[in-house]
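Starting from the given sequences, assemble the full structure and let the hints guide the process.
Here is what each chain is made of, one letter per residue.
Protein chains: 2
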Amino acid sequence: MTPAQHTIVAAVASRFGAKAAITDAADIAPWTTDWRGRYAGAAPAILAPNSTAEVAAIVGMAAAAGVPLVPQGGNTSMVGGATPPADGSAMILSLRRMNRIRSLSPDDGLAVAEAGVILADLHAAAEGVGRRFPLTLGARGSATVGGLVSTNAGGTQVLRWGTMRGLVAGLEAVLPDGSIHDGTAALKKDNRGYDLNQLLIGAEGTLGIVTAATLRLAPAIAQRGVAWVGLASPHAALALLRRIEAQTQAVESFEIVPGDSLALVLRHIPATRDPLSGRHAWHVLIEAVSASVDGEAPAALLERLLAPALADGLIEDATIASSEGQGDAFWKIRDSLSEAERAAGPAAQHDISVPVAAMPDFMIDGAAAVEARFPGAHATAFGHLGDGNVHFHVRAPEGADAATWYAEDAGVVTAFVNDMVVAAGGSISAEHGIGQMKVAELARLGSPARLAALRAIKAAMDPAGLMNPGKLVPLVDRAARP
Amino acid sequence: MTPAQHTIVAAVASRFGAKAAITDAADIAPWTTDWRGRYAGAAPAILAPNSTAEVAAIVGMAAAAGVPLVPQGGNTSMVGGATPPADGSAMILSLRRMNRIRSLSPDDGLAVAEAGVILADLHAAAEGVGRRFPLTLGARGSATVGGLVSTNAGGTQVLRWGTMRGLVAGLEAVLPDGSIHDGTAALKKDNRGYDLNQLLIGAEGTLGIVTAATLRLAPAIAQRGVAWVGLASPHAALALLRRIEAQTQAVESFEIVPGDSLALVLRHIPATRDPLSGRHAWHVLIEAVSASVDGEAPAALLERLLAPALADGLIEDATIASSEGQGDAFWKIRDSLSEAERAAGPAAQHDISVPVAAMPDFMIDGAAAVEARFPGAHATAFGHLGDGNVHFHVRAPEGADAATWYAEDAGVVTAFVNDMVVAAGGSISAEHGIGQMKVAELARLGSPARLAALRAIKAAMDPAGLMNPGKLVPLVDRAARP
Numbered sequence: 001m002t003p004a005q006h007t008i009v010a011a012v013a014s015r016f017g018a019k020a021a022i023t024d025a026a027d028i029a030p031w032t033t034d035w036r037g038r039y040a041g042a043a044p045a046i047l048a049p050n051s052t053a054e055v056a057a058i059v060g061m062a063a064a065a066g067v068p069l070v071p072q073g074g075n076t077s078m079v080g081g082a083t084p085p086a087d088g089s090a091m092i093l094s095l096r097r098m099n100r101i102r103s104l105s106p107d108d109g110l111a112v113a114e115a116g117v118i119l120a121d122l123h124a125a126a127e128g129v130g131r132r133f134p135l136t137l138g139a140r141g142s143a144t145v146g147g148l149v150s151t152n153a154g155g156t157q158v159l160r161w162g163t164m165r166g167l168v169a170g171l172e173a174v175l176p177d178g179s180i181h182d183g184t185a186a187l188k189k190d191n192r193g194y195d196l197n198q199l200l201i202g203a204e205g206t207l208g209i210v211t212a213a214t215l216r217l218a219p220a221i222a223q224r225g226v227a228w229v230g231l232a233s234p235h236a237a238l239a240l241l242r243r244i245e246a247q248t249q250a251v252e253s254f255e256i257v258p259g260d261s262l263a264l265v266l267r268h269i270p271a272t273r274d275p276l277s278g279r280h281a282w283h284v285l286i287e288a289v290s291a292s293v294d295g296e297a298p299a300a301l302l303e304r305l306l307a308p309a310l311a312d313g314l315i316e317d318a319t320i321a322s323s324e325g326q327g328d329a330f331w332k333i334r335d336s337l338s339e340a341e342r343a344a345g346p347a348a349q350h351d352i353s354v355p356v357a358a359m360p361d362f363m364i365d366g367a368a369a370v371e372a373r374f375p376g377a378h379a380t381a382f383g384h385l386g387d388g389n390v391h392f393h394v395r396a397p398e399g400a401d402a403a404t405w406y407a408e409d410a411g412v413v414t415a416f417v418n419d420m421v422v423a424a425g426g427s428i429s430a431e432h433g434i435g436q437m438k439v440a441e442l443a444r445l446g447s448p449a450r451l452a453a454l455r456a457i458k459a460a461m462d463p464a465g466l467m468n469p470g471k472l473v474p475l476v477d478r479a480a481r482p
Numbered sequence: 001m002t003p004a005q006h007t008i009v010a011a012v013a014s015r016f017g018a019k020a021a022i023t024d025a026a027d028i029a030p031w032t033t034d035w036r037g038r039y040a041g042a043a044p045a046i047l048a049p050n051s052t053a054e055v056a057a058i059v060g061m062a063a064a065a066g067v068p069l070v071p072q073g074g075n076t077s078m079v080g081g082a083t084p085p086a087d088g089s090a091m092i093l094s095l096r097r098m099n100r101i102r103s104l105s106p107d108d109g110l111a112v113a114e115a116g117v118i119l120a121d122l123h124a125a126a127e128g129v130g131r132r133f134p135l136t137l138g139a140r141g142s143a144t145v146g147g148l149v150s151t152n153a154g155g156t157q158v159l160r161w162g163t164m165r166g167l168v169a170g171l172e173a174v175l176p177d178g179s180i181h182d183g184t185a186a187l188k189k190d191n192r193g194y195d196l197n198q199l200l201i202g203a204e205g206t207l208g209i210v211t212a213a214t215l216r217l218a219p220a221i222a223q224r225g226v227a228w229v230g231l232a233s234p235h236a237a238l239a240l241l242r243r244i245e246a247q248t249q250a251v252e253s254f255e256i257v258p259g260d261s262l263a264l265v266l267r268h269i270p271a272t273r274d275p276l277s278g279r280h281a282w283h284v285l286i287e288a289v290s291a292s293v294d295g296e297a298p299a300a301l302l303e304r305l306l307a308p309a310l311a312d313g314l315i316e317d318a319t320i321a322s323s324e325g326q327g328d329a330f331w332k333i334r335d336s337l338s339e340a341e342r343a344a345g346p347a348a349q350h351d352i353s354v355p356v357a358a359m360p361d362f363m364i365d366g367a368a369a370v371e372a373r374f375p376g377a378h379a380t381a382f383g384h385l386g387d388g389n390v391h392f393h394v395r396a397p398e399g400a401d402a403a404t405w406y407a408e409d410a411g412v413v414t415a416f417v418n419d420m421v422v423a424a425g426g427s428i429s430a431e432h433g434i435g436q437m438k439v440a441e442l443a444r445l446g447s448p449a450r451l452a453a454l455r456a457i458k459a460a461m462d463p464a465g466l467m468n469p470g471k472l473v474p475l476v477d478r479a480a481r482p
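One line per chain: the protein sequences are A and B, in this order.
If you're matching positions, the first sequence starts at 1 in UniProt numbering and goes up one per residue.
If you're matching positions, the second sequence starts at 1 in UniProt numbering and goes up one per residue.
Keep in mind that the hints were calculated from the coordinates and are not lab data.
Ideal Cβ placement from N, Cα and C applies to all residues, glycine included.
Some hints could be false.
[To be verified] Part of the chain A face toward chain B, derived, beta carbon under 8 Å:
(1) Ser103
(2) Leu104
(3) Asp107
(4) Thr163
(5) Ala186
(6) Asn191
(7) Gly193
(8) Leu199
(9) Asp387
(10) Ser427
(11) Glu431
(12) Gly446
(13) Ile457
(14) Ala460
(15) Leu472
[As the list claims (entries may be wrong)] Covered, in the sense of this in silico footprint (three residues per stretch, anywhere, with C-beta under 8 Å from a C-beta of chain B), are these stretches of chain A:
(16) 309-320
(17) 345-355
[Said to hold, decoys possible] Some residues of chain A that are not near chain B, with every Cβ distance over 12 Å (derived):
(18) Thr7
(19) Tyr194
(20) Asp401
Shown next as structure tokens:
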């Protein structure tokens, strides 16, 4: 620990209590590595403030002393976004103790949640007042509001509700100089200059520390319907989605699953079965919901929407879940895709997006191009077709040695995939962010205008570079910074 | 014209043609004053590029020569946002020749429109492909896409579709150094760092020049229903809105009209009549729409929703328009409120917002506070209750001399109103922006954290201060800038 770090730790312990300054190496260790074990960092202390004022005080001290801080919630980043640098120069600023839901207003459809509130707890609190927070993802038992905001998280309900950006009605944050930005008032219209809330969403803690968010709540689900559809191509799937969108806003999820990925799930994941009897090159899982027990049931709606598509050959087969349990079974297939892919061998995974209309071609042509360029590799794409966002996985050739392939081939594959994404006008990070993992690729592929703007904004808001150093912004030359 | 200006004008005329460089004083004059005649500016030339590349070249030349530019679309700003400085130091950069709709995709629900496309033309183009661009406002015959984006415009459909921010799926802009930011790809998920599109929306041209936008289209309206409701208070109106929102998403407009404002309309605006036979302290206009000719008609929906509110006394009376013409007549009352208020005498107008839940109290208590503080003045608020945004007008006492009142009293009234807005956690600019008119009040009332961030971002992106100088950002000391 440097003298400057020691001074801050001592001041925090003395002013805010022992819980606010963790220095025991065993307590720190679990939080210095990402959950996938790809990044190993080091931190001499975890500072764990219990209020916005305490965060502001800590950030102010760190700014004065020139000590970097790495904000951390549930530490569930897919891109090393919450892991401190390996040199121990930064301290972790944990928001986990700030886990209060300050207010819940079902009438207004708003909740004000502190940064450390765990997503699953927010779900439960919203349900407790007859509402719902309509964003979910696999890490919901650990991921926190601050991290979800700072990474502009997505998930499986983006089709209807948008990403986190669409669900944030207000923000509170501590800026790099220790000042507090109070933007929690949920103003539907506010044109007082650059929208700082929007700037902080997805900034991965590099422009300040999100301490609380005002979040939109949706009506609770009274009924849902889940369909599993077999069809010939992603093109047919998109055409089906367009037909459905023209007729209803009740569809919240539209997830595409390739036939070979389904086969992997059936092989590797216990207690799964094919929802349809025949074989299909592609499938989609569709979920429709209703906030009312009256009116057309979502299952009936899905049946009504799918019948003509079956009749005119747009789709090959379809089944509607006849119970909640069967709907859950369909979702289990979708949610097991990554695990089944992992069981099948080493793979390079890519969280990418292209314009929705371009996605079917990208899925087919992109996979073919990868397999032509890397003989024996197997490329597959699945996920959020309706968002133009798929998880594009490239499996190593059968029998490849995992360590060798990851060390020598995976990076080349990733660069090839990212080049295709850029050529298609897409994004190399759809929902996971840049973190540490994608900084170099962003530097390689970002447009000069975008990169210059990112650097200028970062330098303006955090001139000393103390906020989550090494993440998101590809700095030209770190040593040259003031 | 300075030598630097002259050099740029000559280069533009030579490279891009005579139409691109307007120097005739008579042609320039109409564009140097805002439409309300409050701000008189001067400009030695209007530069009118015809493509993004031409905009980039002009901005690059201006940056190199240190010449400020004032971007302008339809020049319909309510806050002097498009009027050049009076000293003639800046040239106007008109985007009006960039008026192409580059693409229209009804399937994807997207249009790419250049900055100079007039809102009414965009409406017509969307209708031509069976869709709709769901934002409208009084100046739709002049206002352009670039201005609507740069001011994050609102209007009467924000309740359902959000402000311009919610309708922009992508942006193209020329940044202050002349580089082009191409963010027109409509990626639903894109987490590659700070969202430059979001930063440019509402930036009033102070961070660069918006040259095109990818805009979301909504389903066309097949049927609409319009209701006029009499009720006792804004509190009853908000309670009614909450009930309606819990049952339908078909309501796109919910506008509140005070009884005395209705009386002014009936007195001053020809061919208007009271939709209801009795007198009511407050009214709301509600519009519901349907994209389908099947299913429950919006008028029937409104009747079904209003009947129980009438039965249990939440509202006093209601009528549903029985024809398109009658619906238009209800809207004419709403749309004539400003004109009727003007006819009634000098007034200070305020475009303000507070959290929706706080708006009823603000409307009642705020008006009472103003009338207590300024004896004889009459305060009234009307408009977008469901957005937490009303137009808060304070009329001078009967018989007041207009010139004297505007010169001596209106500013004091405005400061008083703005103080109340800030105390209520609201915004002194809900939908009109800051422009020139509200810069001083933003400087007086903005939080130190917000003001510092605005200044830092402005200085980072536009270090020489050449983009729409004097607008939006309250600079501490212009002379001290590098």
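Here is how each hint holds up against the structure:
1. Ser103: Cβ of Ser103 (chain A) sits 11 Å from chain B, so the hint is violated.
2. Leu104: With Cβ-Cβ at 13 Å, over 8 Å, it is violated.
3. Asp107: Status holds, d = 5 Å.
4. Thr163: holds, 6 Å
5. Ala186: holds, 6 Å
6. Asn191: holds, 5 Å
7. Gly193: At 5 Å from the nearest chain B Cβ, Gly193 (chain A) passes the 8 Å test, so the hint holds.
8. Leu199: holds, 6 Å
9. Asp387: Holds - the Cβ of Asp387 (chain A) comes within 8 Å of chain B, reaching about 4 Å at its closest.
10. Ser427: holds, 4 Å
11. Glu431: holds, 5 Å
12. Gly446: holds, 7 Å
13. Ile457: Since the shortest Cβ distance to chain B is 5 Å, the answer is holds.
14. Ala460: Holds. Min distance 3 Å.
15. Leu472: Leu472 (chain A) check passes; min Cβ-Cβ to chain B is 5 Å, inside 8 Å.
16. 309-320: violated (count 0)
17. 345-355: Since 3 is at least three, the answer is holds.
18. Thr7: Non-interface label on Thr7 (chain A) holds, nearest chain B Cβ at 25 Å vs cutoff 12 Å.
19. Tyr194: violated, 5 Å
20. Asp401: Holds, since 33 Å exceeds 12 Å.
Checked against the numbered hints above, the structure violates hints 1, 2, 16 and 19; every other hint is satisfied.
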